[in-house]
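**Q** Use the sequences and the hints to build the structure in full.
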Amino acid sequence: MTAAQVVWMVVLGLLAVSLYGLLAVRNLIKQIIVLQLLAKAVILALVAAGASSGQLALSQSLAATAIVADTVLATVALALAVKVRQRCGTLDVQALSRLRE
Numbered sequence: 031m032t033a034a035q036v037v038w039m040v041v042l043g044l045l046a047v048s049l050y051g052l053l054a055v056r057n058l059i060k061q062i063i064v065l066q067l068l069a070k071a072v073i074l075a076l077v078a079a080g081a082s083s084g085q086l087a088l089s090q091s092l093a094a095t096a097i098v099a100d101t102v103l104a105t106v107a108l109a110l111a112v113k114v115r116q117r118c119g120t121l122d123v124q125a126l127s128r129l130r131e
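Mapping the sequence shown onto the numbering used here, position 74 (from 1) lands on 104, and the numbers just tick up by one.
Just so you know, the hints here were simulated from the structure itself, not pulled from any lab data. Predicted model only: the values in this text are computed from it and were never measured. One or more hints might be untrue.
[Said to hold, decoys possible] Per label pair, the in silico range of CB-to-CB distance:
#1 42 - 84: 15 to 25 Å
#2 116 - 54: 22 to 32 Å
#3 31 - 116: 47 to 57 Å
#4 50 - 98: 24 to 34 Å
#5 31 - 84: 14 to 24 Å
We treat Cβ as the ideally placed atom computed from N, Cα and C, and that holds for glycine.
**A** This is the structure we're talking about:
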């Protein structure tokens, strides 16, 4: 196996784990962590695609931008999760969706 094939296998593994996590996990903070894992898989795929196409500098700059945006989004989401926990007393997504009814 070449290094590129190993990277793509890791990307597929991360995607599979994160998609399973989104379907299986009910805790809001754990879902945010799983979304972070999904974003990192996409960023790794972006860098791998840039390396295989010969445009590594462009893909690295896009990846750095995506990492910054992803970090800001995660910070805001975690702050909202803390507020939801303080207000509602739970982080269970099913219980929170029942509050809407």
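**Q** Evaluate each hint against the coordinates.
**A** Do the hints match the structure? See the list:
Hint check: residue 42 to residue 84, Cβ distance near 23 Å, so the stated range 15 to 25 Å holds. Judged by the Cβ atoms, the range 22 to 32 Å given for residue 116 and residue 54 holds: they are separated by roughly 26 Å. Take residue 31 and residue 116: their Cβ atoms lie about 49 Å apart, and the range 47 to 57 Å holds. Look at residue 50 against residue 98: about 27 Å separates their beta carbons, and that is inside 24 to 34 Å.
Distance hint check for residue 31 and residue 84: the Cβ-Cβ separation is about 21 Å, which falls inside the suggested range of 14 to 24 Å.
In terms of the numbered hints stated before, the structure departs from none.
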